[in-house]
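Protein chains in written order, with the numbering used here: chain A, 295 to 932; chain B, 227 to 393; chain C, -16 to 84; chain D, -1 to 339.
Keep in mind that a hint or two might mislead.
Unchecked claim - The list that follows gives simulated cross-link-like pairs (lysine-lysine, PhoX-like), each with its CA atoms no further than 25 Å apart:
{"#": "1", "chain 1": "A", "residue 1": "843", "chain 2": "A", "residue 2": "828"}
{"#": "2", "chain 1": "A", "residue 1": "598", "chain 2": "A", "residue 2": "353"}
{"#": "3", "chain 1": "D", "residue 1": "143", "chain 2": "B", "residue 2": "390"}
{"#": "4", "chain 1": "A", "residue 1": "666", "chain 2": "A", "residue 2": "828"}
{"#": "5", "chain 1": "D", "residue 1": "318", "chain 2": "B", "residue 2": "390"}
{"#": "6", "chain 1": "A", "residue 1": "598", "chain 2": "A", "residue 2": "828"}
Don't read these hints as lab results, they were simulated from the structure.
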Amino acid sequence: MTAPIYLITLLPLIGFLINGLLGRFLTERQSGMVASGTVLGSFLISAQLTMGLMTRPGKNPHFVQTLFTWIEAGDLQIQAGYWFDALAAVMALVVTGVGLLIHIYSIGYMRGDPGVRRYFAFMNLFIFMMLNLVLADNLALLFLGWEGVGLCSYLLIGFWFQDESKARAGMKAFIVNRVGDAGFIIAMVLLYHQFGTLNIQQLANAAPFALAGRAFFTAVTLLLFLGATGKSAQIPLHIWLPDAMAGPTPVSALIHAATMVTAGVYLIARNSVLFTLAPATMNTIATIGILTAFLAASMAITQKDIKKVLAYSTISQLGYMFTAVGVGAFSAGIFHLMTHAFFKGLLFLGAGSVIHGLGGEQNIDNMGGLKKHMPSTHLTMLVGVLAITGVPGLSGFFSKDEILWGAFVRYEGFSWIWLVGVITAGMTAFYMFRLLFRTFYGQPRWSNQLHPHESPSVMTLPLILLAFLSILGGYVGVPEVLGGMNHFHHLLEPVVAISPWGLAGGHEASHFMELLAMFISTVAALGGIYYAYKVYILQPRMADELRDKLPGLYKLSFNKYYVDEFYGAAVVRPLVAFSQVLWTWFDDRVIDGLVNGSAALIGSGSRLIRQLQSGLIQHYAAFILGGVIVIMAIIYAS
Amino acid sequence: MTTALFYLFAALLIGSALFVVLNRNPMYSVVALVFGFANLAGIYFLLEAYFIGALQVLVYAGAIMVLFLFVVMLLDVKPDKPRRGLVHLDRWWFAILVVLFLGLLLGIVPGAVRLITSVPAGHEADIGNVERVGQALFTSYLLPFEVAALLLTVALIGTVFLAKRKI
Amino acid sequence: MVVPLHHIIAIASLLFSIGVLGVLFRRNAIIVFMSIEIMLNAVNLAFVAFSNYHGNVHGQVFVFFTMTLAAAEVAVGLAIIISLFRNLQTSDITEIHNLKN
Amino acid sequence: MIDMFELLAIIIKVLVVFAGTLVGIMIMTLAERRVAGFIQYRLGPNRVGFGGMLQPIADGLKFFSKEDVIPGQANRPLFLLAPLAVMIPALMTFAVIPFGAPMEIAGRVVKLQVADINIGLLYILALTSIGVYGLVLAGWSAGSKYPQLGGLRSSAQLISYELAMGLAIIGVIMISGGLTLNQIIAYQQETGWNIWKQPIAAFIFLITIYAETNRLPFDLTEAEQELVGGYHTEYSAFKFAMFFLSEYANMITAAAFMVCLFFGGWDVPFIDEAALGGWGVLLSVASFLGKTAFFLFLYILVRWTLPRFRYDQLMRLGWKFLLPLALLNVFLTGLVLAVKG
């Protein structure tokens, strides 16, 4: 007997309602307990359902539950329903599991903030929406979750809305996301028009036999990918994520690293059947993914804000995931999504702990030497950095290598995508260790007034748990070439589409190649580590020298390739100018002219008709009587 | 004799109605209308609608018209002055309308009624007494009856509200 | 009843027309109101006549409701006239046109 | 069609009732003065006729011979109409009151009642409400302040107490299950007088008829100290006599009504009138007249005993005491009927 699926989403909703409506009656601690407790409940139910899923027979085991008819208008009928299969299980466990740890961490991190009940209400709402997103059995409900998490993201980025720049950051995230959402909506309309349903399973079953041509699927999937690009901060819509760091750090960890931003990857994996029908889209996704990974990594190298570094790192890792799904290695993408949730969550929480310890300081230039002050944070951060770097034995290694191997197989050899992936791996190692070294090693650079301290156990405990997950998380998907069983891959196999280029194609024959590729990327990672060590520990002045030697590159990277400026010049300023024109000419003359003209027309018309409105009852009565007479005359005549 | 009585009542009714409309003194109009309603009650009695006849006197003559009388008396409404100005012109086409209306009414309705009367109707006994009307009121028309009660309550409150100088 | 139905209905029509006449021609709000009462009664008469003709009670029930309605209407209507008179010192409806313009 | 016999019977009954009422009025005017004299330790009129017996006739002659004054500012048509509007309903009301047991003449049953219509009670209420016009018109048409105030007061009083009266009667209607006075009397013959079953209604009704007839302690309309003479201040001679007569006619009717509703009408307790034949009829008439006379006597007694109410007291009594009490009575009656099934 398994629990009903809707309980998973219901519990956070209840938490949201309690915190949102009755928050004022709760103490800070109770509020946090309620929020964490409901997420814990969701986690336990998800785990129980997942257990049930394991023992369920059949090719594609799943639980399905139709709740009610949500939208009914003419032919359009949308059932609100949940679909719980392996993919949903992984996502639900990640969302509730990591979410739970971050909720607990938040109790410590947010202590003393006047808006803590609002904070927990939003967090619970976010979990509710995210779970709707991953459990939805149709695109409409998925879109509800999609928009819901966007809303929560907006609310939480602008959590400290008294600070205008933070409120603006929330706005920016919201607006940039809208661009992608437009694509999503159009895709939904097209799909409904074509198939008459939005149910994901029905779409997947119907799509291969659809009459529509390849162009249709290319268009639909590109539009869906546009949505994914917005939500997952891929180039060219990546600009909102670094600004989103304005929110509280646990929010950055949960929403802008572990869960929401991966929704785009999930969307593509969930609709993998549609995407495999459009190879052009797949290539686009892979290209954009790897470019994002590389460019974001190059931006991360020069950032000084500890959270910005992590933000660009997140974008970069998301790029990897898109590369994975782009090359058809869907399960690898999801696998990396999971491990990334662990170690990036860990890194963000660790960064939060550092910021907490330094009283709000975020610039790594003002850190250093924190190792002895914050041992637990340092140790767990180290694990996270090693995991993201892809050091063999930790989770990041397995997932990242599976992606690179997928790219290798897809393009039958040493393609440029694979190469860029490897280079990016090296860069990742470099900037992550830069972050680590600048924060925890070397001479202290913070001001004397500060007294860095280790965070309370309610914050370090989640760190330690996440560190364990970052180490062990990869072992569910040890590739066969390393003697593993790749459980993860087999678990997801029935859910995601089989790539037309086949991960397994010629698999046995190329064991050597796989090991070689693995070796190369490991070497790249280790090289990155070494270089970072050399630059920031052995020869501390080398960083400045490098910067002076390559001023152009440095500036380009530091200023994030001027993308924001480009948008400012290419989109915002013309828009403002155009609006100016609209306002001064079009609005004043044409619109106002129309409005005033019609008003004048009606005015003069009414002046004519107003003669009838004498204000005398008798006149009105006479009109009524006239009407009656006409009717009677008609009757009489007939 | 009932036939003769009917035409007598009818003539008095029409006459007093005309008097209500045509004379200039509102007080006379009220009295004439009371008299007209008494005649209408007489017609109701002749049509075997005793209950309605009694109600006609009790409610219309006894309550509604008293109200009119009070208002006319209290407001000290003066007889109409002769018409002047623009409104004067309206009289002609008003008159044409009324004549047209009456002509069409008398042209259509009796004919239609004659059509109806060509079909013989069933007849129940004692349709006019209180018992029968009461039974209909409290069975098939219970809801409208309750609504009417509510309407009266609303009217009561509304009237008090309107008539009070200062609330 | 010896009187033919259409005679009664004709009388009701005539009564109704007289009511219309009053509504159209009189300027005193109270008289106009009374003319409306005449019209209501004309309809009542038709109801009773048909009730008598068809030998059932429904027409009379309708008259009952009309009377209830008339009572409520007169109460409210006269209250309005009184407050109008109080404010404008007239019950001449040709002089009551504050909503015009 | 009505045959000759019935027509004759009706005409005779109308004449009898009319004459009876007039005679009653005459007796009342005399009685009032004699009783007043008795109460005030004096004799009252005792010169005309046998111990003053012809005094009413003398009064009547005096009214006829006086000058008929119509005030200059009066509205003539309405001034003339008003006394009629008071008088006619007052005299018509008695038509539905049965004043004796049914009589058998030449094999036909003749009811001692002018008209037995199936809405008898409504008829009485309707005519009572019509009576208001006379007062209002009389007050208004005189074109003078005091009569107008008197007319307004009396009509307000009548309308106020009519409600309580109607509701009191409803209790009686509910238990006896009939709208005609005959049915109500028949019910009382079978099960005893209504005064025992509807004491609250009887109490309310007794009070309201005093108010409805503008008698003390409710005679505010003609409160001499305040309003000179009420709505009929400006009337004189025969027109005044008409108001005078109608007041007494109303009193008689009200008393008879009271008797019919609560004291068994013409019923004589413990005696089966029908079995006694002609004597039974005579007995029943006597019983009816006797009871009515008692209530008329009570009228006079009250008039010379109780002081007058103030106007606000009058209204408060009517709206805040009698009306709720009457509603309560209706409710209780309904409850008892529902319990009894």
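Is the straight-line distance between the alpha-carbon of residue 318/D and that of residue 390/B 25 Å or less?
-> holds, 19 Å
Given the proposed pairing of residue 843/A with residue 828/A, does the C-alpha separation stay at or below 25 Å?
-> holds, 17 Å
Is it true that the CA of residue 143/D sits at most 25 Å from the CA of residue 390/B?
-> holds, 24 Å
Could you grab the alpha-carbon distance between residue 666/A and residue 828/A and see if it respects the 25 Å cut-off?
-> holds, 22 Å
Keeping to a limit of 25 Å between CA atoms, is the pair of residue 598/A and residue 353/A held or broken?
-> violated, 50 Å
Would you check the hint for residue 598/A and residue 828/A, treating anything up to 25 Å between C-alpha atoms as holding?
-> holds, 19 Å
Violated hints amount to a single one, hint 2; each of the other numbered hints is respected by the structure.
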